[in-house]
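Participant: Knowing the structure of chain A, use the given hints to seat chain B with the ligand on it.
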Amino acid sequence: MSQTTPIAESEIIGHFGPYGGRFVPEALIGALDQLAAAHLAAKNDPTFQAELSELHRTYTGRPSIITEAKRFAEHAGGARIFLKREDLNHTGSHKINNVLGQALLTKRMGKKRIIAETGAGQHGVASATAAALMGLECVVYMGEEDTKRQSLNVARMKLLGAEVIPVTQGSKTLKDAINEAMRDWVTNVETTHYLLGTVAGPYPFPEMVRDFHRIIGVEAREQMLSEVGRLPDAILACVGGGSNAIGIFHPFIEDVNVRLIGLEAGGSGIDSGKHAATISGGTPGVLHGTRTYVLQDKNGQTVESHSISAGLDYPGVGPEHAYLHDIGRAEYRAINDDQAMEAFSLLSKTEGIIPAIETAHALAGAMIIGRELGPDAVLLLNLSGRGDKDVQTAAQYFGIPL
Amino acid sequence: MVEFDTPLARLFSRTKSEKRAALIGYLPAGFPTIEGAPRVIAAMVEGGVDAIEIGFPYSDPVMDGPIIQDAADQAIKNGTGASDVFDLVKSTAALGVPTVVMTYWNPIERYGVDEFGSALMAAGGSGVITPDLTIEESARWAQASVKSQFNRIYVIAPSTSESRMPLVTSQCSGFIYAASLMGVTGTRNSVSGDARSLVARIRSGSDLPVAVGLGVSTGDQAREVAQYADGVIVGSAFIRLIQQSATIEEGCERVRELAASLSAGVRG
Ligand SMILES: Cc1ncc(COP(=O)(O)O)c(C=O)c1O
Numbered sequence: 001m002s003q004t005t006p007i008a009e010s011e012i013i014g015h016f017g018p019y020g021g022r023f024v025p026e027a028l029i030g031a032l033d034q035l036a037a038a039h040l041a042a043k044n045d046p047t048f049q050a051e052l053s054e055l056h057r058t059y060t061g062r063p064s065i066i067t068e069a070k071r072f073a074e075h076a077g078g079a080r081i082f083l084k085r086e087d088l089n090h091t092g093s094h095k096i097n098n099v100l101g102q103a104l105l106t107k108r109m110g111k112k113r114i115i116a117e118t119g120a121g122q123h124g125v126a127s128a129t130a131a132a133l134m135g136l137e138c139v140v141y142m143g144e145e146d147t148k149r150q151s152l153n154v155a156r157m158k159l160l161g162a163e164v165i166p167v168t169q170g171s172k173t174l175k176d177a178i179n180e181a182m183r184d185w186v187t188n189v190e191t192t193h194y195l196l197g198t199v200a201g202p203y204p205f206p207e208m209v210r211d212f213h214r215i216i217g218v219e220a221r222e223q224m225l226s227e228v229g230r231l232p233d234a235i236l237a238c239v240g241g242g243s244n245a246i247g248i249f250h251p252f253i254e255d256v257n258v259r260l261i262g263l264e265a266g267g268s269g270i271d272s273g274k275h276a277a278t279i280s281g282g283t284p285g286v287l288h289g290t291r292t293y294v295l296q297d298k299n300g301q302t303v304e305s306h307s308i309s310a311g312l313d314y315p316g317v318g319p320e321h322a323y324l325h326d327i328g329r330a331e332y333r334a335i336n337d338d339q340a341m342e343a344f345s346l347l348s349k350t351e352g353i354i355p356a357i358e359t360a361h362a363l364a365g366a367m368i369i370g371r372e373l374g375p376d377a378v379l380l381l382n383l384s385g386r387g388d389k390d391v392q393t394a395a396q397y398f399g400i401p402l
Numbered sequence: 001m002v003e004f005d006t007p008l009a010r011l012f013s014r015t016k017s018e019k020r021a022a023l024i025g026y027l028p029a030g031f032p033t034i035e036g037a038p039r040v041i042a043a044m045v046e047g048g049v050d051a052i053e054i055g056f057p058y059s060d061p062v063m064d065g066p067i068i069q070d071a072a073d074q075a076i077k078n079g080t081g082a083s084d085v086f087d088l089v090k091s092t093a094a095l096g097v098p099t100v101v102m103t104y105w106n107p108i109e110r111y112g113v114d115e116f117g118s119a120l121m122a123a124g125g126s127g128v129i130t131p132d133l134t135i136e137e138s139a140r141w142a143q144a145s146v147k148s149q150f151n152r153i154y155v156i157a158p159s160t161s162e163s164r165m166p167l168v169t170s171q172c173s174g175f176i177y178a179a180s181l182m183g184v185t186g187t188r189n190s191v192s193g194d195a196r197s198l199v200a201r202i203r204s205g206s207d208l209p210v211a212v213g214l215g216v217s218t219g220d221q222a223r224e225v226a227q228y229a230d231g232v233i234v235g236s237a238f239i240r241l242i243q244q245s246a247t248i249e250e251g252c253e254r255v256r257e258l259a260a261s262l263s264a265g266v267r268g
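Protein chains in written order, with the working numbering: chain A, 1 to 402; chain B, 1 to 268.
Take the hints with a grain of salt, since some may be wrong.
Reference excerpt, derived from the structure (chain B facing chain A, CB under 10 Å, subset only) [unchecked claim]:
(1) Phe56
(2) Pro57
(3) Met63
(4) Gln69
(5) Asp73
(6) Asn78
(7) Gly96
(8) Tyr104
(9) Arg110
(10) Tyr111
(11) Ala157
(12) Arg164
(13) Leu181
(14) Gly183
Pairs of lysine to any residue, SDA-like flavour, derived with a Cα cap of 20 Å [as the list claims (entries may be wrong)]:
(15) Lys298(A) to Gly79(B)
(16) Lys77(B) to Glu304(A)
(17) Lys107(A) to Ala132(A)
No wet-lab data here; the hints were simulated from the structure.
As the structure is a computational prediction, the values presented were derived from the model and not from experiment.
The beta carbon of each residue, even a glycine, is placed where N, CA and C say it ideally should be.
For reference, chain A alone in the conformation it holds in the complex:
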């Protein structure tokens, strides 16, 4: 029996330089091919695009506005700071952009059941919402640790009619919820779509989820030009898996004078080893079906991540970010828990906007970058979500009795 040469890796779509690809059980290949084809067809289908736009206009509440944060900017070196208000979307974060897109694809593929993983609960809530809207069955996997940190969102998902399955394996957080969702998918792939919530995972997820979030950057680019009269000097976004960041970065990639800055969760500090800053503190490897930066030990075991923010508490990152980092087009910095909570409090008190703790990492980044660039600079920040879900965590952090 002869062994033929396999297809060269570079010939396969779905790579970003050395990153991306597909590292999954063979059983999933058929479903991933079906999904890639459905995504490609939808991308070029005006009917699909019109249906999604109409949903965004009448349901999500798009376009989301931009708000200049003048009082907050006083604490950020006086730079002008514009917030892209994804927190005002229905369900309270950017996650709905991707979820509505994938839910429509699910219907097109003739599947009746969606499964999702969730960390902060925002993606789970968005998925449960879309399932309710479109009459799909919805099961959400959530690390047991996260069901405690984000109990409000667990209740929301249940009220929306979804089943929430607490995951007790491993670190009991987002990474293990993804493992369980993949196991469910391998078993039920005929009837089920895995509605992955970020730009990670095997091809076509990183491309597809990015495409559904590009609307953030497309709108923001127009808004900056028409309302401010210029492109920003830098764009900032928090990075967990990287979906809100790639959504706002991507339409600006060709604008080489616009710096793209991703803020990762530094937890207790990178040196402490207790963090979730995958690009700043990890190494290339494979996790959840894709090659990217990973927090791992010398044996290739994934190391548990740590962050006050459940939505950033993930030891991997989308492969396109790994690539943008390596080629120098985007920069990634770590913001620790305390810096994020300071920014959380500051935005609440100076602008009357309570951000998600995930988003607070980007705000802390703006305070640093704003001081570096000075008062002439214009910053655009993706305000990825609102902080209602985080009231309990924040109250505990600031010692406010509940």
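Facilitator: Leaving out everything else, chain B with the ligand in the frame of chain A:
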């Protein structure tokens, strides 16, 4: 290029001439302890297991059900690393049984792709099963396998399409791993009916031996699968016995009994 002449390849020639299927037993390295693993393997071999598949315990085993997940967790807590995996390959191969490693891809990439192949061969191993390495990502792995002459074994699933099947089977050597069902590892009350037709589909395009895994746990199930497959792979059923036993002696005794019953099964 010819099939690499490994102990694994020779085993299938022998079982074929004996008109029976080969029995392949799975155990993660470091389970139940680093020292205990060779004892469990010895018990499997005494009971009649023909080849051993050593699992590289990994933190995110998406193809595995709860039994193997728990065993892998325990092995990782025991501090099991690559050197323990290769030590176990060495002691197992020294028993005269063909030995393969089953590992998710990241530990290989972390160890070094070529280095993993040479360490395996130095330890006397025959091949590697890679449950999450798609053929599209396997160019470096193929080169390493040609260099070190080990068998690389991929999984075929019931969902693998007709057009894809030859792309995967042409990359295999030693044997082809047929996943009996759409799902993860674990014990099942019956072997999925998909397995028989999947093996037939594989055989129509490949002369390699085909071994069936996922869900086989009893002698009767092994007998049924042996009617149409060249190999029967059993993992979770062995591990569950160790997990249910109070001592390693008791566990090994029960593993030996199960191996004997499965071994009778593969002989029809
Ligand atoms: C408000 C908010 N921002 C950001 C994130 C992080 O995800 P991503 O990096 O994919 O945008 C989450 C995840 O739950 C979130 O809820």
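Participant: Decide, hint by hint, whether the structure agrees.
Facilitator: Results of checking the hints against the structure:
1. Phe56: holds (8 Å)
2. Pro57: Hint on Pro57(B): holds, closest Cβ of chain A at ~8 Å, below 10 Å.
3. Met63: With Cβ-Cβ at 5 Å, under 10 Å, it holds.
4. Gln69: holds (6 Å)
5. Asp73: Status holds, d = 7 Å.
6. Asn78: violated (12 Å)
7. Gly96: violated (25 Å)
8. Tyr104: holds (8 Å)
9. Arg110: holds (3 Å)
10. Tyr111: holds (7 Å)
11. Ala157: holds (4 Å)
12. Arg164: holds (7 Å)
13. Leu181: At 8 Å from the nearest chain A Cβ, Leu181(B) passes the 10 Å test, so the hint holds.
14. Gly183: holds (4 Å)
15. Lys298(A) to Gly79(B): Since the Cα atoms of Lys298(A) and Gly79(B) sit roughly 12 Å apart, the hinted pair holds (cutoff 20 Å).
16. Lys77(B) to Glu304(A): holds (14 Å)
17. Lys107(A) to Ala132(A): Since the Cα atoms of Lys107(A) and Ala132(A) sit roughly 13 Å apart, the hinted pair holds (cutoff 20 Å).
Of the hints listed earlier, those the structure fails to meet are numbers 6, 7, in rising order.
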